[in-house]
Structures are given as C-alpha cells and as structure tokens.
Amino acid sequence: MIKITRSKFKLTGVSSDLNSAVEYILKYNHKCNVILLSNTKFTMAIAKSGRTLYPMLDDMAQLTGTSIKSVQSYSAIKNKLNRNNALFIKDEGCLCCGSDLYEAQALSMVIEKGSMAKIAASFIGGGKKIQTHEAFLMRLIYLFKYSRKSKRKE
Amino acid sequence: MTKESLKENLCRAGRELVEKKLVARTWGNFSVRLSVDTFLITPSGRTYEGLKPDEIVEINTKNSSYTGSIKPSSEKEMHRKIYNSDASVNAIVHTHQFWASAVSASQKSISAPYNIPCAPYALPTTTALAKSVHKIFTESKSKVILLSNHGAICMGGSIKEAIALAEKLEEDARSFVLTQYRDISGHPDGTENEMIDYYLNFYEISND
Chain X
809 MIKITRSKFK LTGVSSDLNS AVEYILKYNH KCNVILLSNT KFTMAIAKSG
859 RTLYPMLDDM AQLTGTSIKS VQSYSAIKNK LNRNNALFIK DEGCLCCGSD
909 LYEAQALSMV IEKGSMAKIA ASFIGGGKKI QTHEAFLMRL IYLFKYSRKS
959 KRKE
Chain F
8 MTKESLKENL CRAGRELVEK KLVARTWGNF SVRLSVDTFL ITPSGRTYEG
58 LKPDEIVEIN TKNSSYTGSI KPSSEKEMHR KIYNSDASVN AIVHTHQFWA
108 SAVSASQKSI SAPYNIPCAP YALPTTTALA KSVHKIFTES KSKVILLSNH
158 GAICMGGSIK EAIALAEKLE EDARSFVLTQ YRDISGHPDG TENEMIDYYL
208 NFYEISND
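These protein sequence lines are chains X and F, in that order.
Counted from 1, the first sequence has number 871 at position 63 by the working numbering; the numbering is strictly sequential.
Counted from 1, the second sequence has number 116 at position 109 by the working numbering; the numbering is strictly sequential.
Think of the hints as simulated: they come from the structure by calculation, not from any bench.
Treat the hints with care, since some could be wrong.
Lysine-lysine pairs mimicking BS3-like chemistry, simulated, CA-CA at most 27 Å apart [stated by the list, open to error]:
hint	chain 1	residue 1	chain 2	residue 2
1	F	59	X	936
2	F	175	X	953
3	X	839	X	898
4	F	138	X	953
5	F	27	X	849
6	F	142	X	936
7	F	88	F	175
8	X	953	F	78
9	F	138	F	59
10	F	27	F	78
11	X	936	F	150
12	F	115	X	936
13	X	849	F	175
14	F	138	F	175
15	X	849	F	28
16	X	849	F	115
17	X	936	F	28
18	F	148	F	27
19	X	936	F	148
20	X	936	F	138
21	X	835	X	936
22	F	148	F	138
23	X	953	F	115
Ranges of calculated distance between the beta carbons of each label pair, as one might list FRET restraints [said to hold, decoys possible]:
hint	chain 1	residue 1	chain 2	residue 2	range
24	X	884	F	193	45 to 53 Å
25	X	884	F	57	21 to 29 Å
26	F	190	X	825	39 to 47 Å
27	X	881	F	74	52 to 60 Å
28	X	908	F	9	32 to 40 Å
A virtual CB, placed ideally from N, CA and C, is assigned to each residue, including glycine.
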C-alpha cells in the first residue's frame with residue numbers, strides 16, 4: 809500500500825504517471841485528503857481483469873455507490889475520480905480516496921471483500937449484485953448520515 | 008451476572024470481534040439477553056475498539072423501547088425477534104466477516120456438510136430484513152445464518168459461544184468456496200492463489 813496525504817505530498821521512486829495522477833486527484837477532488845493504492849490479493853485480481861466492479865455487498869454499496877470503474881493506466885484517470893472515491897488501475901490495484909486515512913482504509917477493506925465476493929461467486933453458482941437504485945440509495949443515506957455526524961463533531 | 012458485568016462483556020466482545028476481523032468500523036452489532044423482557048445491545052454508529060459500558064443500550068423485548076439518550080443499533084429488531092422466539096439464545100453477534108459475506112453475495116445456503124441457511128435479501132436496517140432472518144431462523148433452527156449480500160448472524164447460549172460460531176463460520180465459508188473451486192478446476196489441492204489465477208484465466212480474460 810502507498811499512502812499519500814495532501815499535507816505530505818512528496819512522492820519519490822514512483823512513476824511520473826502516478827505522480828501526475830495523485831496531483832490531479834488532490835487538485836480536483838477537494839474531499840480527498842488521503843489516497844491509498846490498495847493492492848491486496850483479491851483487489852489485484854479485479855484490477856488485472858480490467859473490469860468494472862459492481863457492489864454485491866451492502867457495505868461496499870454504502871461506501872462506493874453503484875460501481876467502481878477501471879482504467880488502463882494512471883494517465884487515464886482524468887475526470888474519473890472527481891466524483892467517485894475509488895478506481896481500479898489495470899495491473900496496479902485500486903486507488904481509494906478518503907477524507908482521512910481511516911476512511912481510505914475502510915474503502916480499501918470493503919473493496920477487497922467485494923472483490924472476494926465477485927471471485928467466490930464464480931465458483932458457487934454466481935453472485936447477485938445489489939440493484940443499482942438500491943446501491944444509489946444506500947450511498948445517499950450513508951453520505952447524509954456521515955455529513956450529519958461530521959456537523960455534530962464540529 | 009449483573010447488568011454492569013454483561014455490559015463490560017459486550018465491550019470486550021467488541022474488541023475481540025475487531026481483532027478477529029469479524030467486524031470493522033461501526034459495522035455489525037451484538038447483544039446479550041439481560042432478562043426475559045430485556046436485552047443489551049451495542050449502540051448505533053460507534054466503533055468497537057473504544058466502546059464503553061455506559062454506551063450499551065437496554066432494549067425491551069416486547070416493544071423495542073429503550074431508555075437513555077444513546078441510540079441503539081438500527082438492527083435491534085432482528086435481535087429482538089430472535090430473543091422472543093428462542094429462550095435458549097442468550098447472545099447474538101451480527102458480523103460483516105470476509106468469507107461468509109462473500110458467500111452471502113450468492114444468496115444461497117452453504118450446503119452439506121456445513122448446512123448454513125441464507126436469509127433472502129432485504130435492505131439493511133429495515134423490518135423486512137428482521138422478518139427475513141426471523142423466518143429462516145424459525146424454519147431452520149440454525150444458530151448460524153447468512154444474510155444475503157450483507158453478512159452473517161450467529162447465536163449462542165453466551166457471547167463466547169456466538170463468537171466461536173462466527174469464527175467457525177468463517178472457516179466453513181472459506182472451505183466451501185475452495186471445495187467448489189477444486190471440484191470445478193479438477194485440482195484437489197488447489198490454493199486460494201491458484202483459485203484467483205483460475206478465475207482470471209477462465210472467467211475473466213477468456214470472456215473478453
């Protein structure tokens with residue numbers, strides 16, 4: 809995992825494409841303060857497949873919404889992470905954006921579980937993805953509750 | 008056991024469930040029976056690592072009412088229905104554990120030798136979900152139930168017993184998936200990593 813925070817934005821030893829991608833996300837996604845490149849086992853498998861991951865589990869729907877798209881390389885992320893908080897990069901892993909490290913790690917965790925569900929489903933007779941409108945609704949409710957909680961903390 | 012010691016037990020159970028990766032963040036919830044008419048449950052929207060006994064909420068099993076200003080878990084109805092229908096259940100843990108949740112996405116029961124039923128899908132926190140779980144529980148009498156696209160629920164005579172069932176469920180769910188993969192692939196000793204490779208070769212890349 810590579811953790812990058814806005815306040816400590818200095819990347820060395822990584823490709824210029826990744827550097828530009830991080831710069832772009834931090835510039836245009838103002839809710840994102842932490843970016844985590846998740847490359848855990850099942851997440852990597854989905855990243856390798858280059859496919860969109862649809863939520864099959866409620867907690868993933870709450871945190872990611874209706875789907876997580878996939879792009880071929882870091883240079884293709886433009887506009888893809890302005891509204892969404894996660895994106896698969898082919899053969900690299902999944903970029904998880906959070907307002908803090910706790911949120912980015914939670915995202916990475918539900919994506920690993922969602923990826924596991926997708927792979928397991930292919931051996932046990934197929935999985936059922938959460939209906940798009942239900943995933944959308946769950947995400948809205950989650951964001952509403954989360955924003956209320958944040959306001960209470962302020 | 009006194010109410011205070013049961014509350015402390017629940018807090019300890021929270022930490023144990025997090026350590027064993029059976030719950031995370033504020034997901035999942037767990038409860039213990041206090042009396043015929045009441046049970047204690049974890050609060051809504053709190054993380055389990057630092058849960059305090061005074062945050063545990065007491066619920067009336069007859070009407071779901073609760074005292075105090077802390078909101079109980081929004082899945083309290085699921086717990087209440089189970090306590091009301093089986094006097095031998097003294098503790099319930101609702102988990103979002105990895106393998107069991109992954110299997111629950113197929114909306115199917117885990118077949119023999121595990122025999123773990125799966126409750127039909129309903130949106131989380133709704134009474135429909137509580138009814139769905141209760142129906143499967145009364146029909147199957149199983150102390151371990153998968154919740155479609157959501158997670159699992161385990162019941163025991165004590166919280167310790169319920170956690171042990173959740174741990175066993177995780178092993179069973181993993182074994183179940185690996186067994187299915189081995190049958191399909193013809194690799195009797197196939198590992199998790201080989202299952203992923205097989206998936207990429209035969210389900211994804213070959214479907215392009």
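**Item:** Index of numbered hints that the structure contradicts, given in increasing order
**Value:** Violated hints (numbers, rising): 1, 2, 9, 21, 23, 24, 25; every other hint is consistent with the structure.
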